[in-house]
Amino acid sequence: MSGTLYIVPTPIGNLGDISARALEVLAAVDVIAAEDTRHTRKLLNHFGIGTKAVSLHAHNENQRSAQMLSYLDNGQSLALVSDAGTPLISDPGYPLVTAVRQAGFEVIALPGPCAAITALSAAGLATDRFCFEGFLPAKKAGRIEALQTLAAESRTMVFYESPRRVLDTLAAIAEVFGESRQLVVAKELTKRFETFISGTSAEVIAWFQAEQERQQGEMVVMVAGATKEQDQGFEQALQLANKLQPLMPPKQAAGIAADTFGCKKNAIYKAMMAEEE
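Residues 0 to 276 (numbering that gives the first Met the number 0) are what the sequence shown spells out, left to right.
No lab work stands behind these hints: they were computed from the structure. It is possible that part of the hints are untrue.
[Said to hold, decoys possible] Subject to a maximum C-alpha distance of 25 Å in a straight line, what follows is the list of computed BS3-like cross-link-like pairs (lysine-lysine):
1) 51 to 139
2) 264 to 139
3) 263 to 250
4) 41 to 138
5) 51 to 41
6) 269 to 250
7) 138 to 264
8) 139 to 250
9) 41 to 242
[Claimed, not checked] Here are the computed distance ranges between Cβ atoms for each label pair:
10) 273 to 50: 45 to 53 Å
11) 170 to 13: 25 to 33 Å
12) 61 to 13: 18 to 26 Å
Keep in mind the model is a prediction, meaning the values are calculated, not measured. Every residue, glycine too, gets a C-beta built ideally from N, C-alpha and C.
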C-alpha cells in the first residue's frame, strides 16, 4: 500500500452500505484525507478505526495537496473520503488526484455509494444515456442560464440540490423546460424516510409546497430528457426566430417563434444569441 492514494466511497445514509474492502483500506492506510474530519471521525469510531484523519476540503485542497504528496514521498499510504458518497463527485479531491497522478504515484478507486447513481437506478427514467450536472448555480440568473444550455438535451439529467434551494431549482426547471416535463426527486436516500417524488415539474412543485417539512433533506433531482418531438420543435422555433430577426428585435422574434411551436421564449432567445457569438 505504500505510496498509494485510495479513493474510498462512504455511506450516503445507511452505515451498512460501506464495503468490507473500504473498511479494510481505511484501517490500513497511514492517513485519511477527509472533507470534514469531525464527520469522518464519527464513521471511523463506529467501526473502531483509529487511523489519523486530516482535513481536505474545497477551501484548502490546493494547499493541502502538497502535504499529501509529502506523505506519499515518505512511502505512506493515503485514503481520500468525502462526507458521504464517492469523493470528487460534486465533492473535493480533483486537485489532489491530479497532483498525485502527475507525481507518478498510484491512485486506486474503490467502488461504492453514489447518490446520483442510487437515485437514478430507482427513478423510473431512462438510464441508457444520462448526464450528471451536479449543483446548479445558487443565483437565479445563473441557474436559468445553465438550464437553458440544456434545453435540447435528450439524455436524462441528474442534479444535486440542497433543501433551501430545491423549490427555486424546480421553478427554474419548469420555466426553462416547461411545466409538463417529467421529473423525479429523490430525498433522504438510504435513510428511514427515503422518498421518491415523480410527476410533471408542476406536480412535483405542488408536492413540495404542500408541507414545509417536505423540503428537508438532501435531494437528487432527475429530469427526463427532451423528446424527439420537443427537440424538433425547438429547432423549428429557432429557425423561425432567425428568419424573423432581421424584421424585428430579437426578443420579439423569439417570442413569436416560441408561441408558434410551444417552446420557451428565453431558451430560443439564448440560442439566438449563442449563434451570433
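How the hints compare with the structure:
1. 51 to 139: Outside the cut-off at roughly 41 Å; violated.
2. 264 to 139: Within the cut-off at roughly 17 Å; holds.
3. 263 to 250: Distance of about 12 Å is within 25 Å: holds.
4. 41 to 138: 33 Å, violated
5. 51 to 41: This hinted pair holds, its Cα atoms lying about 13 Å apart.
6. 269 to 250: Since the Cα atoms of residue 269 and residue 250 sit roughly 10 Å apart, the hinted pair holds (cutoff 25 Å).
7. 138 to 264: Holds, because 20 Å separates the two Cα atoms, which is no more than 25 Å.
8. 139 to 250: 20 Å, holds
9. 41 to 242: 62 Å, violated
10. 273 to 50: 45 to 53 Å: Because 50 Å falls inside the window, the suggested range holds.
11. 170 to 13: 25 to 33 Å: Cβ of residue 170 to Cβ of residue 13: about 31 Å, so the range 25 to 33 Å holds.
12. 61 to 13: 18 to 26 Å: This hint is violated: roughly 33 Å between Cβ atoms.
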